[in-house]
Amino acid sequence: MADVDDFDSLSNAELRAKMLAQGLPNIPVTDSSRKVLVKRLRASIGGQASPAASPKKTNRRETLAPAPGAPSAPAAASTPVDKLDGNKVAPATKARRTITAAEAKEPVRRLPEEAIRRRPDEADRLRSEEPVAARKPTTAPAAQPVQTRRTSTSSGSERKVVEPLRKPETIVEQPASSKRADREENYLKVNSLIVLESDEEEDEQLVQAADLVEQEHAARQKTTKLASSGTTTYEYKSKVVEPPRRQVYEATAAPVLPPSVPSARAQTTSSTRSYDYASNPAPGRYSSFVRTAAQGYVTAEAPPVASYSSSYKRTYANELSDDTDSKEDQYESTFARNLARLRAERIGDRISPYSRRTLASGNAGSGSLGYEPRARRSLRPNDNSVSEAFNRWLNSLEQKYHIKSKLFIVLLVLLLIGVYYIFY
Amino acid sequence: MSGTSQKHRNFVAEPMGNKSVTELAGIGETLGGRLKDAGFDMAYTVLGQYLVLKKDEELFKDWMKEVCHASSKQASDCYNCLNDWCEEFL
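Protein chains in written order, with the UniProt record's numbering: chain A, 1 to 424; chain B, 1 to 90.
There could be a bad hint or two in this list.
What the hints assert, rightly or not - Distance condition first, Cα-Cα at most 30 Å in a straight line; then the derived DSBU-like pairs of lysine-lysine:
#1 B:65 - A:406
#2 B:73 - B:19
#3 B:19 - A:18
Said to hold, decoys possible - Sample of chain A residues facing chain B (criterion: CB under 10 Å; computed from the structure):
#4 18
#5 22
#6 27
#7 32
#8 343
#9 344
#10 391
#11 394
These aren't lab readings, by the way, just hints derived from the structure by calculation. Glycine residues also receive a C-beta, built at the ideal position from the N, C-alpha and C atoms.
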């Protein structure tokens, strides 16, 4: 009581001396800063129990002490609260951060000061300042307000109410989202499975259809062979064998058609395709899938190409035999050989009999005008003889005026006149 | 601390001269009026108090709270403003 009165009644210089004696920094005491410094001095005196040099720190420690001072109860009370509210830990840390930014634990320090300020009785203040143990009971009930205030400063009371509500929401949401993810995955899985299965089904159906066609074809051939054993005529055979050829053409459209359609066309896939399917081993799940990807293209593109290429040179005689492929290969090989030879030839050598023959063969039939087929001027050798020039001139004249026919007529007339003069 | 305010940057950018106390960061019309009522009408008077308190952050903030009932943030903003200005020009 007396100390406080002394502080208020002390002059600035005395107050400064007290502050120095108290170990506070040497700060000039002015009218404007007097209040703050008196507060500091009171706090330092009240916090003498703490051996800290600066009074602020002692104050802070004092105020902080109640929380750790009653170690079991507040700590136990605070920790579960913090644990209960996940965000409440953050506000506490936030407050600490702001306090450290504002040089540590200021609001906490403020509390006792304000409490001291608000207390009208000095005796209570002395009581609270002198024995820390005496303060504890006062702060112990106030410990909960401190906690509540902590929460209230960070609007924790509202959060407290909201957060428990939020938590279950988040808890609910997370499983919901996970459920959604699971559903999506399931959907994906299901869809992917559907795709795979559909391909497999198509594949299997195609394979089955091919097998059926093979069997039918084999059975038909057996029957036809048996039936045509007596009358082996060329036409009959061709008629019999024609359907497979059609099948070859229809094989292009066969994959487009739904394989489940039990039509004869769908089942009558080409023998080549059926052999391809048959040649493949019994497919596993993925092997069949991969095989479909590869064979889908093969069946869609390769058979038609083969059929068209084969049909290009096919005759009825060729169709009957399976040697057409080898013949085609032979023809292609010879053609390729000729092409390669022609390409390898020099341009000057183009006046070979082969080229002449080909040129003359086209014009020989229509050579009524006596046009002599010649090689192209670019392909001709560079021998510009007189006869060549004369021939060229004649050709040009003949092309323009048809001189040869006129000369022939003139000669014929002259011959007739000559004969007339001779006999008459 | 997060970024400084435009008011803070404006104040720290140049010598304070005869700027009003309301030019200080964290001090608006309300706190400025209270400070003016307490006799701190210019920014340099607040700076003087800041210097009298020997740049002590806690003391200055306490003083701010005592004089004009500033909040912790307002006091902190004003302290940072004066501190930065002093680092720049003092």
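Hint-by-hint comparison with the structure:
1. B:65 - A:406: violated, 134 Å
2. B:73 - B:19: Within the cut-off at roughly 22 Å; holds.
3. B:19 - A:18: Violated, at about 36 Å.
4. 18: Status violated, d = 16 Å.
5. 22: violated, 14 Å
6. 27: holds, 6 Å
7. 32: Status holds, d = 6 Å.
8. 343: This hint is violated: residue 343 (chain A) lies away from chain B, its Cβ roughly 78 Å from the closest one there, beyond 10 Å.
9. 344: violated, 81 Å
10. 391: violated, 101 Å
11. 394: Nearest chain B Cβ about 103 Å off; hint violated.
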